[in-house]
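Turn these sequences into a full structure, and let the hints guide you.
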Amino acid sequence: MHEIVIISGKGGAGKTSITGAFAQLAENGILCDLDVDAPDLHLLLDPEHRTEEEFWSGNEAVIDQDVCTGCGQCVELCRFDAISETDGRFTINPLQCEGCKVCVTLCPAEAIEFPQKHCGDWYVSSTRFGVMVHAQLYPGEENSGRLVTLLKQKARQMAEEQGLDLVLCDGAPGIGCPVISSMAGTDLAVVVTEPTPSGLHDLKRVAELCENFRTKVAVLVNKWDINPAMTEEIEEYCRSRGYVLVGRFPHDRAVVDAMLERKVITEYDSGPLAETLEEAWSDILNLLKTIQK
Amino acid sequence: MIYAVASGKGGTGKTTTCSSLAAVWDRPVTLVDLDVEEPNLHLFLKPDLSDIEKAYIEVPEADEDKCTSCGLCRDICQFKAITVMAGTLLVFPEMCHGCGGCLAVCPEGALSPGKRELGEICRGTADGHAFVMGRLRVGEAMSPPLMRRIRKEFPELGKGGDILIDAPPGVSCPAIAAVTDADCIVLVTEPTPFGFHDFKLAWEAFKPLNKPMGAVINRADLGDTAVLEFCKANRIPVWAEIPYSREIAEAYSRGEVVSKAIAPLKETFADLRGNMRAAAEKEVANA
Ligand code: SF4
Ligand code: SF4
Ligand code: SF4
Ligand code: SF4
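Sequences listed follow chains G and C, in order. Numbering follows UniProt numbering, with no gaps: position 5 of the first sequence is 5. Numbering follows UniProt numbering, with no gaps: position 237 of the second sequence is 237.
Please keep in mind that the hints were generated in silico from the structure rather than gathered at the bench. Careful, some of the hints might be misleading.
[Said to hold, decoys possible] Derived DEER-like restraints, expressed as beta-carbon distance ranges:
hint : chain 1 : residue 1 : chain 2 : residue 2 : range
1    : C       : G161      : G       : P115      : 38 to 46 Å
2    : C       : T88       : G       : T86       : 43 to 51 Å
3    : G       : E161      : C       : D127      : 56 to 64 Å
4    : C       : P113      : G       : P108      : 19 to 27 Å
5    : G       : E161      : C       : D51       : 51 to 59 Å
6    : C       : G161      : G       : P272      : 45 to 53 Å
The C-beta atom is built at its ideal place from N, Cα and C for all residues, glycine as well.
This is the structure:
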């Protein structure tokens, strides 16, 4: 079984539109949306939830006002500036609390409770392109990395049970914890970028991260015709680093028009746009064959 | 006044907006790139970065000779960053959140403060404005500690004038952390189903902060009217609409600031500046 993650470093480079098309082209795969913070793939695939589960992770500190003696020690202890005092009353700002338990353990009056947090929900759904595992983290929550790991485990397990040979993931933006969790154990990272200074800058950072994890990198330049010279520069950079180029995709309104109809590009267009993605997808499959497990 | 430019979804034009605002800002301002995972503002403002300082987080360093394997550090650590296995103390510094809990509870003084590199804080000037950027080290998982370091400087930076923040995309903890200090939040979106969906998430996430918020609709004539209708229904003012044009996309792709490169946009961003200022000042006057 192989696992592919589509990432972009820079968000909004067209990652999800392209993942949607690959979802249609992929046969025998499980789909997985790892952008648990701001997931979008479901907007194209219209999933029907088969199972729905709560995601509980981490804890938050809450001061019991009846027990608190107002000694103020917790304010000194908290390194996240989450505890403040107004008129002798000590309270914890849940958005600032990191859930480290330091105040809970060291409060001399044992006045601080530490309930678990319900951080989001996750789903296994049916779509017209097969099963999809996805989630929605609640606003402001941490632990997105743990949720990403959970989704990946679930997707892999289902692929194995059903004898499928592919897990196709829409990754998270950035280079931090959710992306690092997306990358763990993945065979191939497909980076979707665009020919802009930010596109190149973010590609370099996210590809370096892939290299740290010894994950093979393939690159697709979206909206390449916005700046052909910059596209050349990006592709040259990729060649020099040994990243595989799997195609160029033009700047075309059809991408938005397809989205408005809740279709993936390859459903909406059967002409050259779809062909570009079909070729890219077959390059990706060929590349996978060369990756030894 | 502190202004934050945020967006539920990356790539909607947050950096375009921020760099364009910087170019039309007519008061002293410090430009702060808090999108530390993928900072992009410098690519357009091209600041000269005179000062680059590495930033660290405190992590425990172990003295095995003093450790009695009592396990108290393991019990307090919520992040599985320190443990005792078969009588051996193990520290995983990359998992540590720097809470100091293990150091506070160790009865033997076996732990002392060490450090892990988070990334760097770069300072300089761009177009006569002060510029500060955080850049997360590739491989570092946690952006909030680096952001926290920069946010601690806000009271000092604010003495020199306004602060304009380029916030990270999304709605999870780094995004919220970036807008927490702001007097006014600008939400950049585009009128596509993805843009609209993420805009709603961001609006819901930021609403509890009770700060004045307005929308910037980028590529306004692409897509549909769902965002506009939502703004109307929820009384979210639309502070600027930036048309879709290939000319703008190409200028951006060349690393240009679009409010400078495309003449009519200068006024669009000057109006946006006015709207932001009016909203923030009204809020402060009411407070
Ligand atoms: S340490 Fe405990 S008793 Fe003291 S102020 Fe904090 S919560 Fe109250
Ligand atoms: S649990 Fe940690 S972060 Fe939360 S309030 Fe207590 S000391 Fe601060
Ligand atoms: S400082 Fe906090 S997070 Fe780090 S190892 Fe100690 S208890 Fe764990
Ligand atoms: S608390 Fe101190 S003595 Fe106990 S296991 Fe941890 S390091 Fe060792």
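So, going through the hints one by one against the coordinates:
1. C:G161 with G:P115: 38 to 46 Å: 42 Å, holds
2. C:T88 with G:T86: 43 to 51 Å: 46 Å, holds
3. G:E161 with C:D127: 56 to 64 Å: 58 Å, holds
4. C:P113 with G:P108: 19 to 27 Å: 24 Å, holds
5. G:E161 with C:D51: 51 to 59 Å: 55 Å, holds
6. C:G161 with G:P272: 45 to 53 Å: 51 Å, holds
Violated hints are absent here; each numbered hint is respected by the structure.
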